[in-house]
Amino acid sequence: MTNADDAEMVARLQAGDQAAYAQLVDENAGRIYRLALRMLGSEADAEDVLQETFLSAFKSIENFEARSSLSTWLYRIATNAALMRLRRKEPQQVSVDEPIESDDGELIPRQFFDFCCLPETDLLRDEARAEMMRAIEELPATLRSVFVLRDIEGLSTEETAETLNLSISAVKSRLMRARLKLRERLSIYFAHATEETR
Amino acid sequence: MSATPHDHDQHESCRHYLRSISEYLDGTLSDTLCDEIEAHMATCENCRVVVNTLSKTVLLYRRLPSPEMPDEVKERLFKVLDLRPYYHADESSEKPAE
Ligand SMILES: [Zn+2]
Numbered sequence: 001m002t003n004a005d006d007a008e009m010v011a012r013l014q015a016g017d018q019a020a021y022a023q024l025v026d027e028n029a030g031r032i033y034r035l036a037l038r039m040l041g042s043e044a045d046a047e048d049v050l051q052e053t054f055l056s057a058f059k060s061i062e063n064f065e066a067r068s069s070l071s072t073w074l075y076r077i078a079t080n081a082a083l084m085r086l087r088r089k090e091p092q093q094v095s096v097d098e099p100i101e102s103d104d105g106e107l108i109p110r111q112f113f114d115f116c117c118l119p120e121t122d123l124l125r126d127e128a129r130a131e132m133m134r135a136i137e138e139l140p141a142t143l144r145s146v147f148v149l150r151d152i153e154g155l156s157t158e159e160t161a162e163t164l165n166l167s168i169s170a171v172k173s174r175l176m177r178a179r180l181k182l183r184e185r186l187s188i189y190f191a192h193a194t195e196e197t198r
Numbered sequence: 199m200s201a202t203p204h205d206h207d208q209h210e211s212c213r214h215y216l217r218s219i220s221e222y223l224d225g226t227l228s229d230t231l232c233d234e235i236e237a238h239m240a241t242c243e244n245c246r247v248v249v250n251t252l253s254k255t256v257l258l259y260r261r262l263p264s265p266e267m268p269d270e271v272k273e274r275l276f277k278v279l280d281l282r283p284y285y286h287a288d289e290s291s292e293k294p295a296e
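Those sequence lines, one after another, are chains R and B. Quick note on numbering: this note's numbering labels position 108 of the first sequence as 108, and the sequence is numbered without any gaps. Quick note on numbering: this note's numbering labels position 39 of the second sequence as 237, and the sequence is numbered without any gaps.
One or more of the hints may lead you astray.
Claimed, not checked - Stretch-level coverage of chain R by chain B, calculated; a stretch enters the list once three of its residues show a Cβ under 8 Å from a Cβ in chain B:
id: 1; stretch: 15-21
id: 2; stretch: 48-56
id: 3; stretch: 67-81
id: 4; stretch: 168-178
Bear in mind the hints are in silico, worked out from the structure with no lab data behind them. A virtual CB, placed ideally from N, CA and C, is assigned to each residue, including glycine.
Produce the complete structure using the sequences and hints provided.
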C-alpha cells in the first residue's frame, strides 16, 4: 500500500466508513494472526490477540497520526498485545541447554555439530519443525518478538525497531542472541537425531 | 585437548568476531570486517561451524510453512467487530508477501 492509499484509507476509517474497516481487516488479519501464533504458540491465544488488535485499533483510529504506515501501526498493537499475554503467563524458564552467557551478557557457543549440510529430508521433517517451534517458544519474550518480526515475518531492522519501539542497536543485539540460542538448540537436536539414525 | 598458550588468544578473537556474526550474515558489515571474519574462519573450525549453522538456522526458520488463518477465525473476527455483512470466506487465502 502506498502512502497516498494509506492517507485515503485513514480518512475513510476516521469517517467511520464500515467498508473501509472491513477492508483493513481483510488485508491485515492473516498477517496479524500468523504473527500472534508465532509469538504465542497457541491458536486460541492467537485468535484472542487478533480480536484485541482490531478492537483496539478501531477504538484509537481517531488518534492515528500518519507517522507510521497503517500496517506497522497494526503490527505494533498486535505485538504489544501478544507481549502482554506472554508476560502474564511466562514463568522465567531457563533451559539447561542454553549457551553460556559471559558476565557482559555475551553468548558463547558450545555446540559445534555441523548440521548445515545434513540432507534436506532430515532438516525439514515434521519432527525437526516441531522442535523448531518449541525452540521459539522457549526464547524469552524480548528475544522472541525480535526474532519473529525480523527473521520469520521478514521485517527490516528499522521496521522491527519501530514496531517494538526499540533502538536499532537493541534490535540487532537481541536478534543475534535469539539466533545464537536457537542455533544451540538445533545443534543439540540434530546431533542427537543424526546419532539415532546411524 | 591440551591447552597451549595459543588457545587463549584464539578464544579471545573468536569472541571478538562472534559479536559481528549475525550482522555478517545479514550482509550489513563493512568489507574490512567481513574480510577479517573470513580470514579468521579459514583458520578456525569452530567459528566456521558456528557461522554455517547460524546461517542454516535462520534459513530453516524462514522456510517454515506459514500457518493459514482458518475461515472460522476470520468469521468470528468479523462478528466481534460488528462487520458481519462484510464477511466473505477467502477463496484463495491471502498469500504471504514474497
Ligand atoms: Zn574462531
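Taking the hints in turn, this is what the structure says about them:
no. : hint    : result
1   : 15-21   : holds (count 3)
2   : 48-56   : holds (count 4)
3   : 67-81   : violated (count 0)
4   : 168-178 : holds (count 3)
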